[in-house]
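Using the hints, position chain Y against chain X.
If you're matching them up, the sequences are chains X and Y in order. Counting from 1, position 37 in the first sequence corresponds to residue 75 in the numbering used here; the numbering is continuous, with no gaps. Counting from 1, position 244 in the second sequence corresponds to residue 1571 in the numbering used here; the numbering is continuous, with no gaps.
Since the hints were made in silico from the structure, they are not lab data. All figures in this text were calculated on a predicted structure; none of them were measured in a lab. Accuracy of the hints is not assured; some may be wrong.
List of simulated lysine to any residue pairs, SDA-like, C-alpha gap at most 20 Å [to be verified]:
id	chain 1	residue 1	chain 2	residue 2
1	X	Lys190	Y	Lys1332
2	Y	Lys1359	X	Val52
3	Y	Lys1335	X	Gln55
4	Y	Lys1332	X	Ile152
5	Y	Lys1359	X	Arg82
6	Y	Lys1484	Y	Gly1598
7	Y	Lys1335	X	Glu168
8	Y	Lys1492	Y	Val1414
9	X	Lys189	Y	Lys1332
10	X	Lys86	Y	Ile1355
11	Y	Lys1335	X	Pro149
12	Y	Lys1359	X	Thr49
13	X	Lys190	X	Glu151
14	Y	Lys1335	X	Pro150
15	Y	Lys1364	X	Glu85
16	Y	Lys1332	X	Tyr161
17	Y	Lys1359	X	Leu90
18	X	Lys189	Y	Gly1330
19	Y	Lys1364	X	Arg82
20	Y	Lys1335	X	Tyr185
21	Y	Lys1335	X	Ile152
22	X	Lys189	X	Tyr161
23	X	Lys86	X	Glu54
24	Y	Lys1359	X	Gln87
25	X	Lys181	X	Ser165
26	Y	Lys1364	X	Leu90
27	Y	Lys1606	Y	Leu1529
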Amino acid sequence: MAQWMEERLVTFLVEEQARSYRLAYSYLHNREEALDAVQTAVCRALEKQDSLQEPDAMRTWFYRILVNTCTDMLRRRKRVSFVPPEMLDAGSYEDPLPADGSLAERVDGLPPEIQTVVKLRFYEEMSLKEISAVTGWPLSTVKTRLYTGLKKLRIALESEEER
Amino acid sequence: MNGFKQAKEEFNSIPVPEELQDRVQSGIQEGKARRRKAVAARRWRRTACTTAACLALVIAGLNLNPTFAAAAADVPVLGGLFQVLTVRSFTDQDADRTVEVEQPGVTGGDMAEQVSAEIQKLVDEKIAEGEQIVADYKEAFFATGGTEEEWALHDNKVTVTYEIKSQTDTTVSFVVDSAVSIANAYQEQTYYNLDLASGRELTLADVLGEDWVSICNESIQAQIAEDPDQYFDASMGGFTTVDESTQFYLDEAGEPVVVFAPYTVAPGAMGTVEFTISK
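Here chain X stands alone, though its shape is the one from the complex:
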């Protein structure tokens, strides 16, 4: 990759750092882990910069790395965290679907794949196509997951048009 591309990538990463952190935090809900996730994603981005063929796709390309880093960390965490049975409320055996709490909290309670689609759509304001590029899922899957998520959040779908 040309030198100017690396510089452009660095500029982009610095400009996007607050957004990146918030997205990571919304997955991990832990300050340290979110910082780790951003640092790791930034590092991976520079290390693998040659895989970015199209500079205009920088944003979707980087979010893909970031989202993958976050979901990896969530998965790893699942393997190593031990929760005593008495700490588990009945609800956790069912679909994670806290009915109360703010919408943002409920979004965070969704399964990771659905969470990703909902967050990129509404927080990062990406089009379904861009989300498909970030996640690598087919457009149809992205649509299904978004609608499933909205259904779970019990939000009317009428006004949600495909961009």
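Frame of chain X, contents of chain Y only:
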């Protein structure tokens, strides 16, 4: 979608810790380092393979084929038996630095042994000096908070090579270049001008006669006057006079070329400064 507007606001109000800036910078540095290392590793493997193949070829050639050996030695042959050739060539790499050496030696003539021994001593000194500079730099680097990863980025090099400047039936001029490149570079050049007939090293007086100092000075002053802005003036410690320690070599035309190391008579951007002294 009003619900999401609020959710987005909530998302956007997630406080961003101050350390984020530093963490992103570390990520950037580490990522760059890893990429460069990977690229360098690929390049090094390629070079190493090629070099090994070449060495094998040359050694085999020299051992097996007298004609080939003569041809290899012929490159810098001078006046019959007198030759300047590479007597030692090696590359030694470890985690801290790469040492690359092309050591010249002189054969044939009476003074061959003495000059070769002198060169041997010089090369050994330069390698030791270079290693010391790298070691000192490494110590200072870590003492001031450098990390292993950042250190791995440094491509420290100690090189000693030589170049034949001119050769005739009766004289040979060559220069031994030694350089250490770390964060900044240290460079040194040692010139040899050998008179084969008398069997000793040439001086500027041998070439220019007893007025060599004024001949050189006038010529150099005139050349500086052509473009004075390029050089340091007297107040900045610029050129004053040549003396016995002034280095020179003979060019292909047999004219002496006086050489000043970078920063001695002109800004470093000028590099090594050379003045050809017309006889």
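Taking only the CA atoms, is the gap from lysine 190 of chain X to glutamate 151 of chain X under or equal to 20 Å?
The given pair, whose Cα atoms are some 13 Å apart, holds under the 20 Å limit.
Given the proposed pairing of lysine 86 of chain X with isoleucine 1355 of chain Y, does the C-alpha separation stay at or below 20 Å?
Distance ~12 Å between lysine 86 of chain X and isoleucine 1355 of chain Y Cα, so the pair holds.
So if I understand the rule, the pair passes when the alpha-carbon distance is 20 Å or less; does lysine 181 of chain X with serine 165 of chain X pass?
Roughly 11 Å between the alpha carbons, so the hint for lysine 181 of chain X and serine 165 of chain X holds.
Has the given pair, lysine 1359 of chain Y with arginine 82 of chain X, been kept, meaning a C-alpha gap of at most 20 Å?
Holds, at roughly 9 Å.
Between lysine 1606 of chain Y and leucine 1529 of chain Y, is the straight-line Cα distance small enough, at 20 Å or below?
holds, 15 Å
Given the hinted pair lysine 1335 of chain Y and tyrosine 185 of chain X, is their alpha-carbon gap at most 20 Å?
Distance of about 18 Å is within 20 Å: holds.
Take a quick look at whether lysine 1332 of chain Y and tyrosine 161 of chain X sit within 20 Å of each other, Cα to Cα.
holds, 9 Å
Taking 20 Å as the top limit, are the C-alpha atoms of lysine 190 of chain X and lysine 1332 of chain Y close enough?
Status holds; Cα separation ~18 Å.
Verify the proposed pairing of lysine 1359 of chain Y with glutamine 87 of chain X, using a straight-line Cα cut of 20 Å.
holds, 9 Å
CA of lysine 1359 of chain Y to CA of threonine 49 of chain X, is that 20 Å or under?
holds, 14 Å
Holds or violated: lysine 189 of chain X to lysine 1332 of chain Y, with C-alpha atoms at most 20 Å apart:
OK: lysine 189 of chain X and lysine 1332 of chain Y at ~17 Å, within 20 Å.
Check the hint pairing lysine 1335 of chain Y with proline 150 of chain X against an upper bound of 20 Å on the C-alpha distance.
holds, 18 Å
The structure agrees with every numbered hint stated previously.
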